[in-house]
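**Student:** Protein chains in written order, with our numbering: chain A, 1 to 201; chain B, 1 to 244.
Sample of chain B residues at the chain A side, in silico, Cβ under 10 Å: (1) Glu9; (2) Ala18; (3) Asp23; (4) Ser69; (5) Val70; (6) Gly73; (7) Arg75; (8) Pro79.
So the derived list for chain A, only partly shown, Cβ under 10 Å to chain B, looks like this: (9) Leu147; (10) Glu170; (11) Ala182.
Rather than coming from a laboratory, the hints here were simulated on the basis of the structure. Values in this document were obtained by computation on a predicted structure and should not be read as measured data. Even glycine gets a Cβ: it sits at the ideal position worked out from N, Cα and C.
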Amino acid sequence: MGNVPHLTPVPSGESVPEDIGASMAALLRRCALGDEAAFAQVYDLTARRVHGLVLRVVRDPAQAEEVTQEVYLQAWRTATRYDESKGSALAWLMTLAHRRAVDRVRSAEAASRQDTTYHQHAHTVPHDTTAEAAESSMEARRVRTALAQLTTVQREALELAYFGGYTHTEVATMLDLPVGTAKTRIRDGLIRLRDAMGVGQ
Amino acid sequence: MSPSENTHEIHALSGAYAVDALDPAEKELFEQHLAACATCRAEVAGLREATASLAESVEADPPAALRDSVLAGIRTVRPLPPRPEPATVRALPLRRRLTALAAAAALVGVAGVGTVVWHETTTSDQGQLSAADRVLRAADAKRVELSLDGGGKATVVRSVSQRKAVLIARDMPNAPADRVYELWLQTPAGAMVPAGLMKGGSATVVLHGDAATATAVGVTVEPVGGSQTPTTAPIALFDFERAT
Chain A
1 MGNVPHLTPV PSGESVPEDI GASMAALLRR CALGDEAAFA QVYDLTARRV HGLVLRVVRD
61 PAQAEEVTQE VYLQAWRTAT RYDESKGSAL AWLMTLAHRR AVDRVRSAEA ASRQDTTYHQ
121 HAHTVPHDTT AEAAESSMEA RRVRTALAQL TTVQREALEL AYFGGYTHTE VATMLDLPVG
181 TAKTRIRDGL IRLRDAMGVG Q
Chain B
1 MSPSENTHEI HALSGAYAVD ALDPAEKELF EQHLAACATC RAEVAGLREA TASLAESVEA
61 DPPAALRDSV LAGIRTVRPL PPRPEPATVR ALPLRRRLTA LAAAAALVGV AGVGTVVWHE
121 TTTSDQGQLS AADRVLRAAD AKRVELSLDG GGKATVVRSV SQRKAVLIAR DMPNAPADRV
181 YELWLQTPAG AMVPAGLMKG GSATVVLHGD AATATAVGVT VEPVGGSQTP TTAPIALFDF
241 ERAT
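Work the whole structure out from these sequences, hints included.
**Tutor:** Below, the structure is given as structure tokens:
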């Protein structure tokens, strides 16, 4: 009947707890003062989500590892620039992560514009994402439920942009939408997702 | 396009911006808009909360060694100081612009005659866009934004490492009939070197010539075909000393 030690910072398989929002902001304030232990906590709370997103966009595990590292170094360097009045600390970090991941795939793509597998890959994205969402966790189920409220084209456009790292112009081509409408679908989809998740305004 | 259609159109970019799905020129324009539009700032913030949730569905364990590597890495990185209060860069008062340009015009004869080259592009022009992209994405890109007296806005982005400058115009009134806008690079000695022509509207233009050592970019109204030296007072002078 001994006590089970539970020292693992983030139990594997668990997703980020709901209440990390407030603690993340407090931790980031300490990071801004150079508190490395606070930064370790930020890492433990968010690494699965940051790395998961980066890996999803970049796909190559070795490159994803590099990008995840860059994201955290940038977060450390710019923690002083985080402004609580402009959004949650988690959204701030995920925005950094997404931008870095997208920069990586776009610069790689610019270097090899001849890549003919580009479109074929992309079309499998929306379905994969939903399947993964089903397996992962409670949080992920909540996202999946919210995503189900989007129209198919909204969901596909949003997923190609967010997880695929494609521009809205590329998304329009991939989904055979008239030029200029993909950005509207992405926005409509995000608004619906935001409302369904009860986040933001 | 009427101003209201235009505003409506730029608002619609908020979603694509929140998921990093704008091309660099659109992103630049939208960020200019964001600086002035509280509604869009609030919307982007809300949409970013939604995208952060979206990432919940793809969580994945990073390699175990990454934690140590990150924590060792931050010891070598100095956190930035807090952001200073943003200083709004406004168009220089006309008197100062005239003085600067008069000095420039006086010196341009010494610098010799350059060849004026059409160097206009739009966001649909892939070849030029990539040149603009390289400047806009450069780590050392610095910009100066001005509201134009005749309406519209323009931003000059210069990368010393790329040795190029890009002018991004938004809703710039079209040049009068049989006139064009001419762009100039100001040398450290004060000479104005022709750097391209444009008609106005919303356009992204890569300036001709080496911008690495330029001290400013000027815009004047000139006869069609352009001039070798400025013949009118500048409608805008982008002083790189004020670049951020």
